[in-house]
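Asker: As given, the protein sequences belong to chains A and B, one line each in that order.
Under my numbering, the first residue of the first sequence is numbered 72, with each subsequent residue one higher.
Under my numbering, the first residue of the second sequence is numbered 1080, with each subsequent residue one higher.
Heads up, some of the hints might be wrong.
SDA-like mimics (lysine to any residue), calculated; alpha carbons at most 20 Å apart, straight line [to be verified]:
{"#": "1", "chain 1": "A", "residue 1": "Lys211", "chain 2": "B", "residue 2": "Val1285"}
{"#": "2", "chain 1": "A", "residue 1": "Lys211", "chain 2": "B", "residue 2": "Glu1088"}
{"#": "3", "chain 1": "A", "residue 1": "Lys211", "chain 2": "B", "residue 2": "Glu1321"}
{"#": "4", "chain 1": "A", "residue 1": "Lys211", "chain 2": "B", "residue 2": "Glu1310"}
{"#": "5", "chain 1": "A", "residue 1": "Lys211", "chain 2": "B", "residue 2": "Ser1085"}
{"#": "6", "chain 1": "A", "residue 1": "Lys211", "chain 2": "B", "residue 2": "Pro1309"}
{"#": "7", "chain 1": "B", "residue 1": "Lys1268", "chain 2": "A", "residue 2": "Ala209"}
{"#": "8", "chain 1": "A", "residue 1": "Lys211", "chain 2": "B", "residue 2": "Asn1183"}
{"#": "9", "chain 1": "A", "residue 1": "Lys211", "chain 2": "B", "residue 2": "Lys1268"}
{"#": "10", "chain 1": "A", "residue 1": "Lys211", "chain 2": "B", "residue 2": "Glu1313"}
Here's a subset of chain B near chain A, in silico, CB distances under 10 Å, partners left out [claimed, not checked]:
{"#": "11", "residue": "Thr1081"}
{"#": "12", "residue": "Tyr1082"}
{"#": "13", "residue": "Thr1084"}
{"#": "14", "residue": "Leu1090"}
{"#": "15", "residue": "Leu1091"}
{"#": "16", "residue": "Arg1094"}
{"#": "17", "residue": "His1106"}
{"#": "18", "residue": "Arg1115"}
{"#": "19", "residue": "Arg1118"}
{"#": "20", "residue": "Val1177"}
{"#": "21", "residue": "Asp1219"}
{"#": "22", "residue": "Arg1314"}
{"#": "23", "residue": "Glu1321"}
None of these hints come from the bench; they were simulated from the model.
Glycine residues also receive a C-beta, built at the ideal position from the N, C-alpha and C atoms.
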Amino acid sequence: MDDGFAEYVAQRHLRLCRMAYLLARDWGTAEDLVQSALAKAWVAWRRIEGNPDPYVYRIIVNTHASWWRRRWRGEVPAESLPDRADPRDRAGEVDEQDALWSAIGTLSSRQRAVIVLHYFEGRTLTQVADIVGCSLGAVKSQLSRALTRLRVDPDIQTMQVERAQR
Amino acid sequence: MTYSTSDLERLLNERGEARAGGGPTAHLDIIIRRGRRIRRTRRAMVAGGALAVAVVAAGLVNALPAGAPRLDRSAVAQSPADSAQIKPAAKLPGSFHVVMGNKNFSLPLLHSERFTTTGAVRTVTFTPASYYTGYMVVCDDPRAWVVIQGKLKGGEAGGTSGRCAPLGGGHHDKSSAPADWLKRPQSVKVWVFPADAPVREVAQAVAGCPLTRKSKECDDEAAAHALMRPEVRERLSSEVGERPGGWTVGVYDRPSPASSAGS
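Make the full structure from the sequences, and use the hints.
Answerer: Quick look at the structure:
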């Protein structure tokens, strides 16, 4: 049984691993997630119509959520992100990125999935809703909460603009 | 510090690319081997499921008088195979016993529906036969969390929540049923969450896990109380997602003429 499965794996494996890494934040776990998802996709391969990506993404998101739940140890809210001494300092920029990366780590698995699917994979919110298996309204709500927690303001165009204003 | 969506996209791209040099290798043979193992497990479960159906047919599980149970096949098909379990379906009692002051009567089963996944809200619609309508949920895992919510007399939402056993359920009477109770089909919403769902943690994070009169800490009682709040359920649903787990909801109605209930 193949029907393009091997080709799909060859073409998409790296991208899927990157997406899974952003969810799991660990390359070993990400590779295991993708391997597990592709194994499940292989079982259903002949029943998948059209682009297999949404199906595989869904498996990755659900599998990650179930693994994450087993390790759930309470919410770690990002009450405050470290302030920067000099916003033009390169070290400061790295710190800012680290702070944002750390804040992403405090999101719930579902919120993180919404962020990654929308901002990394470029999926529309409707597609995200289909992948994570909830309503469009719920996805919008999760996205809004996640952005608030990350202190990401969709109205700001770039970090550089803000830095120039300071 | 406030970030833009461009900052977020750039960060995700940079972090996602970080290991591109020594990128992960796809082991097709291992993937297919795992796939074959999953398929074998599923086939074994289908065989077990057929046995369970035979048990139902033999009448060892509930007889459901009002229509066939609706199985959520699509959700089950999407659920991870390695998390599915074979358990006997929980048994719904044939009648719901009500004690109201000096009144003491039983309500026969009017309608029931069986579901095979947890973590999502289910709406059960039925046509009441009297003002005395009871609900009961039984779960394959009695430690699962259940919330039953329906409309009260003033149109406000009311219901009950807690561990599946000994939650039992609840019932209406003339004083609590909405005015249009007998005029049109009615519905109740039921949420069932897995026994290991982080109910206390979510109740604490979202609502501060307000204590009840009986609870001195964020225990099952306080967590169950918090589950009545929609924001807690919404958060919990998003945390838990849909998972395999069987449960049955029963709607009981119209006391038999021989009972001691008033009209």
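Asker: Indicate, hint by hint, whether the structure satisfies it.
Answerer: Consistency of the hints with the structure:
1. Between Lys211/A and Val1285/B, the direct Cα distance comes to roughly 18 Å. Compliance with the 20 Å bound is thereby established for this hinted pair.
2. Of the supplied pair hints, the one linking Lys211/A and Glu1088/B holds, its CA atoms being roughly 18 Å apart against a limit of 20 Å.
3. Proposed proximity of Lys211/A and Glu1321/B is supported: the alpha carbons are some 19 Å apart, at most 20 Å.
4. Between Lys211/A and Glu1310/B the alpha-carbon distance is near 15 Å, which keeps this suggested pair within the 20 Å criterion.
5. For the given pair, Lys211/A sits about 18 Å from Ser1085/B by alpha-carbon distance, which is consistent with the 20 Å threshold.
6. A hinted pair counts as satisfied when its Cα atoms are at most 20 Å apart, and Lys211/A with Pro1309/B qualifies at roughly 17 Å.
7. In summary, the hint linking Lys1268/B to Ala209/A is supported, as the alpha carbons are separated by about 18 Å, within the 20 Å threshold.
8. Among the hinted pairs, Lys211/A with Asn1183/B is inconsistent with the structure: their alpha-carbon atoms are about 49 Å apart, more than 20 Å.
9. Proposed proximity of Lys211/A and Lys1268/B is contradicted: the alpha carbons are some 23 Å apart, above 20 Å.
10. In summary, the hint linking Lys211/A to Glu1313/B is supported, as the alpha carbons are separated by about 13 Å, within the 20 Å threshold.
11. Hint status for Thr1081/B relative to chain A: holds, with the closest Cβ pair at about 5 Å, below 10 Å.
12. At a threshold of 10 Å, the smallest CB-CB gap from Tyr1082/B to chain A is about 5 Å, leaving the interface hint in force.
13. Against a cut-off of 10 Å between C-beta atoms, the interface hint on Thr1084/B holds, since the closest Cβ of chain A lies about 5 Å away.
14. Satisfaction of the interface hint for Leu1090/B is found here, the shortest Cβ-Cβ separation to chain A being roughly 6 Å, below the 10 Å cut-off.
15. Below 10 Å, beta-carbon pairs count as interface contacts, and Leu1091/B has one with chain A at about 4 Å; its hint therefore holds.
16. Because the beta carbon of Arg1094/B sits about 6 Å from the nearest beta carbon in chain A, less than 10 Å, this interface hint is met.
17. Taken as an interface hint, His1106/B checks out: its beta carbon lies about 7 Å from the nearest beta carbon of chain A, inside 10 Å.
18. At its closest, the beta carbon of Arg1115/B sits 8 Å from a beta carbon of chain A; the interface hint therefore holds under the 10 Å criterion.
19. Of the supplied interface hints, the one on Arg1118/B holds, with its beta-carbon coming within about 5 Å of a beta-carbon of chain A, less than 10 Å.
20. Interface restraint check: Val1177/B against chain A, minimum CB-CB distance 37 Å, threshold 10 Å, status violated.
21. Because the closest C-beta pair between Asp1219/B and chain A is about 18 Å apart, greater than 10 Å, the hint is violated.
22. Of the supplied interface hints, the one on Arg1314/B holds, with its beta-carbon coming within about 8 Å of a beta-carbon of chain A, less than 10 Å.
23. For the restraint placing Glu1321/B at the interface with chain A, the shortest Cβ-Cβ distance is roughly 6 Å, inside the 10 Å limit, so the hint holds.
Violated hints, in rising order: 8, 9, 20 and 21; the structure is consistent with all others.
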